[in-house]
Amino acid sequence: MKFKKLMSMALVGVMTLATVAGCTSGQSSNKDTFKIGGIGPLTGPAAIYGTNVMNAAQIAVDEINAAGGINGYQIEFKAQDDTHDAEKAINAYNSLKDWGMQVLLGTVTTTPCVAVAEKTAEDGMFQITPSASSTDVIVNDNTFQVCFTDPNQGTASAQYIGMNEIATKVAIIYNSSDVYSSGIEATFEKEAANQGFEIVSIEAFTDDTATDFSTQLQKAQSAGADLVFLPIYYTPASIILKQANDIGYAPVFFGVDGMDGILTMDNFDTSLAEGVILLTPFAADADDEKTQKFVAEYQKRYGEIPNQFAADAYDGIYAIKEAMEKTGCTPDMSVKEIGEKIIPIMTQIKVDGITGEMTWNANGEVSKTPKAVIIKNGAYVAY
Amino acid sequence: MKNFFTNMKKSTKNHLITYAGIIVAYAIMQILCGTGVASNLIKGLLVPICVYSIVAIGLNLCVGILGELSLGHAGFMCIGAFTGALATKLLYDYIPSKILMFLIALVIGTFFAALFGFLIGIPVLRLKGDYLAIVTLAFGQIIINIINVLYIGKDEAGLHFAFSNPNAINMNEETGVWLINGAKGITKIPSISNFTIGVILLIVSLFIVYHLVDSRTGRAIMAIRDNRIAAESVGINITKYKMLAFTISAAIAGAGGVLYSHNLSTLTATTNNFGYNMSIMILVYVVLGGMGSFRGSIIATVILYMLPELLRGLSDYRMLFYAIILIGLMLFNWSPKAIVWRQKVLSLLPFGKKGEKGKVE
Amino acid sequence: MDFITHLINGISLGSVYAIIALGYTMVYGIAKMLNFAHGDVIMVGSYIIFLLMSNVGVPAIPAVIISIIVCTTLGIVIEKIAYKPLRRATSLAVLITAIGVSYFLQNSSLLLFGSDPKVFSSVVNLPSIKLANGMINISSTTIVTVVVCILIMIALTLFIKKTKAGQAMLAVSEDKDAASLMGINANATISLTFAIGSGLAAIAGALFCSAYPSLSPYTGAMPGIKAFTAAVFGGIGSIPGALLGGILLGVIEILGRAYISSQLSDAIVFAVLIIVLLVRPTGILGKKLHEKV
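These protein sequences, in sequence, are chains L, E and X. Each residue of the first sequence is one higher than the one before, counting from 1 in this note's numbering. Each residue of the second sequence is one higher than the one before, counting from 1 in this note's numbering. Each residue of the third sequence is one higher than the one before, counting from 1 in this note's numbering.
The reader is advised that the hints may include incorrect statements.
What the hints assert, rightly or not - Not close to chain L: a few residues of chain X, all C-beta gaps over 12 angstroms, as computed:
{"id": "1", "residue": "L13"}
{"id": "2", "residue": "L255"}
{"id": "3", "residue": "V279"}
Said to hold, decoys possible - Taking lysine to aspartate or glutamate pairs in the EDC-like style, the calculated list, with each CA pair at most 16 angstroms apart, reads:
{"id": "4", "chain 1": "E", "residue 1": "K188", "chain 2": "L", "residue 2": "D141"}
{"id": "5", "chain 1": "X", "residue 1": "K130", "chain 2": "L", "residue 2": "D246"}
{"id": "6", "chain 1": "L", "residue 1": "K293", "chain 2": "L", "residue 2": "D62"}
{"id": "7", "chain 1": "L", "residue 1": "K78", "chain 2": "L", "residue 2": "D62"}
{"id": "8", "chain 1": "E", "residue 1": "K43", "chain 2": "L", "residue 2": "D269"}
{"id": "9", "chain 1": "X", "residue 1": "K287", "chain 2": "X", "residue 2": "E174"}
{"id": "10", "chain 1": "E", "residue 1": "K188", "chain 2": "L", "residue 2": "E122"}
{"id": "11", "chain 1": "L", "residue 1": "K35", "chain 2": "L", "residue 2": "D332"}
{"id": "12", "chain 1": "L", "residue 1": "K78", "chain 2": "E", "residue 2": "E173"}
{"id": "13", "chain 1": "L", "residue 1": "K190", "chain 2": "E", "residue 2": "E173"}
{"id": "14", "chain 1": "L", "residue 1": "K371", "chain 2": "L", "residue 2": "E357"}
For the record, the hints were derived by calculation from the structure and aren't laboratory data. The beta-carbon is built from N, C-alpha and C at its ideal position, and this holds for glycine as well.
Chain L on its own, in the form it takes in the complex (with noise of 0.2 angstroms):
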């Protein structure tokens, strides 16, 4: 058959395109400018987090230029798409590396991060990663959150419900696909036990089957929970919201950053997310200048009202920045260079994000305080 002569001709065409292209761009690195690269979903269903990171990411690093860069060095960002997947985040990372990337942040999701954390740890490279919460993440000495950990989140909740008292019966509906949310769900289970109310139903979802809610809430109402826990993201949150809406059931929803978002939801009635209550760092429309800022130049640029992916990639290149300046890294030093001389020092910088005030433990853990937010007239209030 010809075809296959074709193909073969494909092929070669193809693999000498690519040896080629590695070539050229790995070695031309210009070394007056630093590199820092980014790793996300940019298509597939987890687009959505990671065009917000990167988004984020590119406006802090604009603004840091404009502010005469870091130790008057520019700075030089690209994204690379690992559509969720681990094996397709190795391969950005090494694409980025080829780029001449020279320190990371990311990657968005935690089971792609797991995989390019071995790697980073292996090239000595410092990665700080937005929005990837498993603890699994940060094992390695060179990898840093700028969000808080699942466990850390599922006890503050469980113990924010306890101490508050804000229920006593309470069901919980998580997504027992995702690691974010099953993570929060196991520890939040556990710390539930020190604390004053009773779990009453346990229900889950899948990234397959986050259409459909009734069930869930039916059996919720049922066992007469008066506050549900949705360790969840905001777009199955915003499908619960409404289908417990239909069915007339109005227990207190209590969610946790991954709730972060749902107001701004194109076309979403707000009135329906009236007396949720969610741990947040981030709220779109806190009073602070900076804040405001972020949010004003997010809006202009990209249409959208940032959600809480996007505050931590800002703040995730501003520790970069400061952990680089309290250093004196200059664009000329290598990967290992650069990861050996701010690794240490991230123990001791302290930056003041949009996320609130930071500081990093030797384990990578970031330590700001989570607010609780109600959500009253469509906004935000304090607790």
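Chains E and X: place on chain L using the hints.
Chains E and X alone, transformed into the frame defined by chain L:
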């Protein structure tokens, strides 16, 4: 030497070309990597290409040779990957050699994939056509769904299992380690696979399928594909041969899975990496490479796997271009007008033999 | 009481699956291809309704009608460009092309509409019905979906039984070559089927997104697969089969989630599917396959 070649059976010659092609490609890549010419991206793509080539060969055995459409081969890959990685996690500290460790994982992973292939094959192969396709798809989804709620931990008291609730595992919290942690899957898998192992595995898989197809068994299997009733009437045991081909096909996919899981340090089961999305992806490689042509499967895998990676420069438009190229390739390959055009163009090229007719199945 | 509520939820989910499966099964019956892009046509249709209703302010009914027109056109265009040249190729080649079309629709929507999920305003704005002193609550979307689903099924059946074009479809689905010899324009008939299937996708999109109001470029993928399952469940190619398969699938999914495990609801659905197919290898209402030597 010339005699040797001309006297050789056409199929044997064909196979040798494939082997030689792989070895030459391997040698070139090794030289490029060794001299530092190959980019990090290309180096990183080598093992995945081997993985998907192996799985594509396995699927081609099922779709091209046996003639049954399976949309669940990623599920077998998943079983191979998880059982293989689990074996490595359990035994890594006790086995001194990495190669030996990989071999053990490979045997275990392949065995379990074959076992599941066999068990699933018993009911499934009674069905036909698209019904068989949907049932294999269903099995793939069930496997993912179950792995996502499976918790296995290990401490000094031995193994602990829990289903659906990680807090129910009863494991010593201080000393215990998670082997499979629900949706988080397996983490910290030692990366003991590499390009050389991948290529060896690819060649072994090719050897197995070529040997099978050329044998009496292979002819029986193809007879079933071409005409089941006629095959039955000449005394071919339909069930036996179908089961055999399906099980081997699953085993090869499982071997690919073992290679996959030892290339990344983390392993989770999602629709994208082991669900119908992946099964369909591999089916695309098989169909585009030519059904029943193992060499074609490998070539199509290399091209189609590398394509989106090489399109990274297009950033947002990357996957859109991939889709357009995919549709274009299919039309180019199958549409009658394109075939006529292709023949015209090819006959002008120096190596094209005039008068050869494009074959369309 | 809980059981009845779960059952109603199941029928509600199932009727959405059924309406998608109707489009799937029609195309399969006539063109003998699995149109994996069907779910994505649903997504496109929903985006059109969303944009018209939220950004332009068009009322629900005209928005749905415009969406039907656009999707029908889209269906015809896709068929013309991507599937028609492959009429004589193996069904697998067309399957792969359909996957390519599916990727194309998803990724072009991602570029056009962005990755942020939109909240779809329901096209059905009627009060819900309360029974047994408010213990049972049936939303208006559910009722409309079930009614529309049955109406479409009746209309399709009548269309196929009573009209010339419908009879042509039947003939083409039985034997394309023989139908051509009898003077039926097989190509035109297949194109018509795609047009109708895509129009149904627009309706399905409107109802699906009204019931589950979140819209992203990947919204269509999973319902597409579920509807394919439903169509096979009921016997692919059979119109009443798609309805029955869809509703059963929905009911099993919800009851499985309610009484067995909410984590494993997909596994349960697929396990039941496998068992049914083992007992009835061509689905519940499927025709027996004839084997020719």
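* Asked: Which of the listed hints are not met by the structure?
  -> 1, 2, 8 and 12
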